[in-house]
Each structure stands twice: as C-alpha cells, then as structure tokens.
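Hey, can you work out the whole structure from these sequences and the hints?
Going by the working numbering, the first residue of the sequence shown is number 472, and it counts up by one from there.
Worth flagging that the hints you see were computed from the coordinates, not collected in a lab. It cannot be assumed that every hint is accurate.
Said to hold, decoys possible - Cβ pair distances, simulated, as ranges: (1) Arg-590 / Ala-531: 37 to 47 Å; (2) Leu-586 / Arg-475: 55 to 65 Å; (3) Arg-590 / Glu-490: 44 to 54 Å.
Where a beta carbon is used, it is the ideal one built from N, C-alpha and C, also for glycine.
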Amino acid sequence: MIQRRTIGRLAREAGVGVETIRFYERRGVLPRPPRPADGGYRHYDDEAVRILRYVRLAQALGFTLKDVEQLLARVGDGPGAFCGAVRETAEAKLTIVEAELAALAAQQERLQTFLTGCRARATTGTCPVLADFASHSGGGHVVRA
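Spelled out as structure tokens, the structure:
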C-alpha cells in the first residue's frame, strides 16, 4: 500500500526540514504534488521519501546538489545508465578527496616542521615567522618574542 503523507510527516521520515523539502521542490529535485481540489494538504508518496533519502546519502558522500540533480535526471535512462553515472560521479569525488587529503598531509608536515623549529628556539630569540616575513616584506624591524 502506498503511503500518503503531509510535508511535515515526509520531513520527519526523511530526516530533513520542511524548508529543505520546499527548496528541493523549487529546484525541481523533488516533484511537487498537486494541491487537492478541495484546498486540503498536498500529500507525498513513498517515492518522495526515497528521493529525499537518496539526496541525503549523496550529499553525505560529498555530492553537490547540482550533482544530485544531474544524476536524478538520468534515472529515466535505465538502471545501468543511472548506476554508471553515479559510479563516475563517485569516482570523480574520490579523486578530489584524495587530492585534498594529500594537500592536507603536506600542510600537516609543514606545520610539524615549523613547530619543531619553534619549540627548539630560545624563548628570547626572534620568531622565525616574523623574521621570514620581515625579510620578504622589505620591512626593517623584526619583532622579538
């Protein structure tokens, strides 16, 4: 049996806010159900819950809303095409994450090296950062710690 739910119930079931649902409707990510002729509440079906849960999962994996929109547009292309598009998008995101991790590891190493130098210097000596800054900025004065 297909469940029909109000926007509030849909929000609770999908773990999102009502305003998020309205935003997704405006963006076309989630189809807006028709308003009943009697002016009552719009009702959402099971597919709306599936879409919202998919969006949340995709965003947790680092997909942007634009990625999600592009992928949802591929659903009608068949399961193989959709799954292939999701895999390609995930592979591209993984490449980005790996590059970001490498950059962070390099930054971590630079910071560790810097802190090793800072800890080793005398407490009354010239701060190496300020000395380096002064030598590159053309400034004549060096701040002492």
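- Between Arg-590 and Glu-490, does the beta-carbon spacing fit 44 to 54 Å? holds, 49 Å
- Go ahead and decide if the range 55 to 65 Å is satisfied by the Cβ distance of Leu-586 to Arg-475. Given about 60 Å between the Cβ atoms, the range holds.
- Supplied distance hint 37 to 47 Å, evaluated on CB atoms of Arg-590 and Ala-531: About 39 Å separates the Cβ atoms of Arg-590 and Ala-531, which means 37 to 47 Å holds.
Of the numbered hints listed earlier, not one is contradicted by the structure.
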